[in-house]
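Participant: Residue strings, one per chain:
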Amino acid sequence: MSIAETTGTEAEPMGIREYLLGHLRTYGLLFALIAIMVFFQITTSGTLLRPVNITNLLLQNSYIIIMALGMLIVIVSGNIDLSVGSVMGFIGALAAVMIVQMDVPYLLAIVICLVAGGLIGAAQGYWVAYWKIPSFIVTLAGMLVFRGLSLLLLEGQSVGPFPREFQALANGFVSDIFPAGIGQTLAAIFGARQVNVLALGVGIIAAFAIVYSGLRARARNRAYGVVDEPRAFFVARNVIVVGAIVFIMYKLSTFRGLPNVLITMGVLTLIYAFLTERTVLGRRVYALGGNQKAAKLSGIKTERLTFLAFVNMGVLAAAAGLVFAARLNTATPKAGFALELDVIAAVFIGGASMSGGVGTIVGAVVGAFLMGVLNNGMSIMGIGIDYQQMIKGLVLLAAVIFDVYNKSKQG
Amino acid sequence: MSALLEMRSITKTFPGVKALDEVNLTVREGEIHALVGENGAGKSTLMKVLSGVYPAGSYDGEIHYAGGLAEFRDIADSEKRGIIIIHQELALVPLLSIAENLFLGNEQASRGVIDWRGTFRRTEDLLRKVGLREAPTTLVDKLGVGKQQLVEIAKALSKEVRLLILDEPTAALSESDSQALLDLLLELKAQGVTSIIISHKLNEVRRVADTVTVIRDGSTVSTMDARTQEITEDAIVRDMVGRDMAHRYPARDRRAGDVLFAVKDWNVWHPEHADRQVIKSANFEVRAGEVVGIAGLMGSGRTELAMSIFGRSYGQNISGRVSIKGQEVDVSRVDRAIDAGLAYVTEDRKSLGLILEEPINRNVSLAHLQGVSKNGILNDNLETEVAERYRKAMNIRTPSVFQKVMNLSGGNQQKVVLSKWLFAEPEVLILDEPTRGIDVGAKFEIYGIINELSAMGKGVLMISSEMPELLGMCDRIYVMNEGALVGELTAEEASQERIMSLIVTE
Chain A
1 MSIAETTGTE AEPMGIREYL LGHLRTYGLL FALIAIMVFF QITTSGTLLR PVNITNLLLQ
61 NSYIIIMALG MLIVIVSGNI DLSVGSVMGF IGALAAVMIV QMDVPYLLAI VICLVAGGLI
121 GAAQGYWVAY WKIPSFIVTL AGMLVFRGLS LLLLEGQSVG PFPREFQALA NGFVSDIFPA
181 GIGQTLAAIF GARQVNVLAL GVGIIAAFAI VYSGLRARAR NRAYGVVDEP RAFFVARNVI
241 VVGAIVFIMY KLSTFRGLPN VLITMGVLTL IYAFLTERTV LGRRVYALGG NQKAAKLSGI
301 KTERLTFLAF VNMGVLAAAA GLVFAARLNT ATPKAGFALE LDVIAAVFIG GASMSGGVGT
361 IVGAVVGAFL MGVLNNGMSI MGIGIDYQQM IKGLVLLAAV IFDVYNKSKQ G
Chain B
1 MSALLEMRSI TKTFPGVKAL DEVNLTVREG EIHALVGENG AGKSTLMKVL SGVYPAGSYD
61 GEIHYAGGLA EFRDIADSEK RGIIIIHQEL ALVPLLSIAE NLFLGNEQAS RGVIDWRGTF
121 RRTEDLLRKV GLREAPTTLV DKLGVGKQQL VEIAKALSKE VRLLILDEPT AALSESDSQA
181 LLDLLLELKA QGVTSIIISH KLNEVRRVAD TVTVIRDGST VSTMDARTQE ITEDAIVRDM
241 VGRDMAHRYP ARDRRAGDVL FAVKDWNVWH PEHADRQVIK SANFEVRAGE VVGIAGLMGS
301 GRTELAMSIF GRSYGQNISG RVSIKGQEVD VSRVDRAIDA GLAYVTEDRK SLGLILEEPI
361 NRNVSLAHLQ GVSKNGILND NLETEVAERY RKAMNIRTPS VFQKVMNLSG GNQQKVVLSK
421 WLFAEPEVLI LDEPTRGIDV GAKFEIYGII NELSAMGKGV LMISSEMPEL LGMCDRIYVM
481 NEGALVGELT AEEASQERIM SLIVTE
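As given, the protein sequences belong to chains A and B, one line each in that order. When you line the first sequence up against the UniProt record's numbering, it's residues 1 to 411, in that order. When you line the second sequence up against the UniProt record's numbering, it's residues 1 to 506, in that order.
Bound conformation, chain A alone (with noise of 0.2 Å):
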């Protein structure tokens, strides 16, 4: 039926250069954040990466990448919340008050406390997906209301100490399981005080697991003809990833082993990058965000999508909110402040677009790594808090440039 005859033709392998001119954004952030892990490696003369302070980035990350789970969601559906700081101060105020003052069993309270951040999500998200109130308006009184609950709630002290099963939600380890002769052999044959013989396994695993899924996929695509990664890159990347890991749980194994945060962050990253990638959901986030007038004639319940996505976002700000409070062990009126601003740069340094359906979990949690290691590794070399904020902001510039400049190239 055609007049014209085609001219389009079946893709073409690509060249490397190619190939890597069009995915400069994702290996750049990853080299970006392996360069500045190197920088701090030397500078702070291999503090970064002993096991000890491995273990503190981790910990002191937790909050902020699991709330930019909810947050990508939230950027990627076009809205933005401004609220989860606040939000995450109020929700550990509101676990102080039951657990302390209140004597509530640490496991009710926790189910509380979450499905208080739902409720809190989906009061903001109803006058944004309902009303049509600008996210950054609702957020921003959010931000400021939760602000002002909490201080009421702490009547402006700081409330403590959570028993020591609460606790461990943030600082608490996952003890090895295996027998401890094992342990002791690798110890003796690293050379290393103790190994946490669990903590390596999941390592390995874990390894194992990325560069299995990395390979089926890549048949997978080869059999469907789609574009794939060139081989040297697929082997680099995988060496790198799987190198990284290998190295930081062998790291983690010489310290204390596993943290359950880490677990808690892993398991939720891995849930979040499946519910974005692979699901009907997910997918519908995106068109909800790239056009929300096309997805709704399109027959996707546009409201509705916004609005969990808030009330998504108000889960995990709540799960942020108890382990930032059992990781200080107290809640504070000030818990929280200004952290939605670490979230959303976390965001988009990971390649989000401001103006939403762009964006992945993976870039958010890299993001979030890369702002905690700058933190981390300048606090260490004893940079003040001064140049820290100039840094920190210009990065968050740079990454943002770097992406319109992208853009602007592939035209």
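Since the hints were made in silico from the structure, they are not lab data. Where is the CB? At the ideal position from N, CA and C, for every residue including glycine. One or more of the hints may lead you astray.
Stated by the list, open to error - Going by beta-carbon spacing under 7 Å, a handful of chain A positions derived as facing chain B: (1) P179; (2) A180; (3) T279; (4) V280; (5) G290; (6) Q292; (7) S298; (8) G357.
Chain A is fixed; fit chain B onto it per the hints.
Facilitator: Chain B alone, transformed into the frame defined by chain A:
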């Protein structure tokens, strides 16, 4: 008559592509010169070279303008010499008034303080010239596209225009607005303004143009002079596509089955002004395998009718019944309308039909994600397969289905929208201006697709402002005016005159 503009052997290359190859264009003083060609033929690039968007030095060849060699550095430079281009996408600020828009960047001011009285007086003069009866303080937002177009022209006139370039000025206009605009062009010509008009509407080209230049694949194919020869649409089309096109509308077996889609007593009120009835008890039906047209002027309520049926996407207080295959169906939400077997291909594909930032495969699956997923989990490979299938069936010209939709031409974008809705497996497709802004070749392909749908027994309801298209494609045509269906014509009865007379007599 002397030449106002002579572009000699213009060659412009982009990395990897030769967009223009030795193009010659001569425009005489005081004429209307039509520039025609398929999308991507190089018309816009040529105009960008002329207006200085691509500055002198970035192309090969010479531009002679008003008796001298012209080397424009940028748009401001060419505007100073009286070359003004009005783009397809209008460049007006919606929330500013007509007067503010007219003098934007050229404010009537002394020492930075705007002289409002002078501004309004000059605005009134200019509006009179273009025949637009609106107050200078009216916000552009409140004007229809046709009137906005006139504001653009008034803006050009305010800048002492010598050569006016219009890029598809009537693409978004109704028949009567188009006529008014073309009349205005003829009037400006009488006042000595030379213009270049880029258009896909060949009947309009024939009506106003003194000279027609056809560009194909970046080269000048032919120049026809209306004063020395008869210019026929067939001749233009032949030069545009490079071969004879015997039939502008592909033939189809016309065989209507049972009533597939029926709408009864459909009433809709305006979404903001609850007292304004937009659709007045509309009744119509579409049979299986039938292509039914809705003709009418811009603003007659055709799009509003379609959108209000499709999941109440327009209006309030909607009443009436919709049935498919004799069964009354619930179309109160878009997802329900889709489930009931309806599809609506929007008039504005960029802002309502596609997610431009996303690739073809993700756009194709969007309205029917359950077709590429199981238990809510997507099957990427199936999605790719589906997109590939439609790429082949629809002849979507792209290197791969992972190409972002924004990189496709208008015709190919429209094919992606159609693919999206075909994948949702509807019984009835409502096509709103399915060939707007796409070139002759792609139009022909879209007509072919419509015919295939009808052969499959689907019902097609086609809304179009191009009457020849409705006459060429439809088995039956409803005529709409001011929110009511005022007449129904069979293919044999229908003609442009009869449609117009139904609209006018009502």
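Participant: Can the hint on A/S298 be confirmed by a CB-to-CB distance to chain B that is less than 7 Å?
Facilitator: 4 Å, holds
Participant: Under 7 Å, Cβ to Cβ, is where A/A180 needs to be relative to chain B, so tell me if that hint holds or is violated.
Facilitator: This interface hint is violated because 42 Å lies over the 7 Å limit.
Participant: Quick check on A/V280 please, does its C-beta sit within 7 Å of some C-beta on chain B?
Facilitator: It holds, given that the least Cβ distance between A/V280 and chain B is near 5 Å, below 7 Å.
Participant: Can the hint on A/P179 be confirmed by a CB-to-CB distance to chain B that is less than 7 Å?
Facilitator: Violated, because the Cβ-Cβ distance from A/P179 to chain B comes to roughly 40 Å (cut-off 7 Å).
Participant: Tell me if the interface restraint on A/Q292 is satisfied: Cβ within less than 7 Å of some Cβ in chain B.
Facilitator: Status violated, d = 10 Å.
Participant: Take the shortest C-beta to C-beta distance between A/G357 and chain B; is it under 7 Å?
Facilitator: Since the shortest Cβ distance to chain B is 5 Å, the answer is holds.
Participant: A/T279 was flagged as interface toward chain B. Is the shortest Cβ-Cβ separation under 7 Å?
Facilitator: This interface hint holds because 5 Å falls under the 7 Å limit.
Participant: Would the hint on A/G290 be counted as holding, given a Cβ-Cβ threshold of 7 Å to chain B?
Facilitator: 4 Å, holds
Of the numbered hints given earlier, the model fails hints 1, 2, 6; all others are met.
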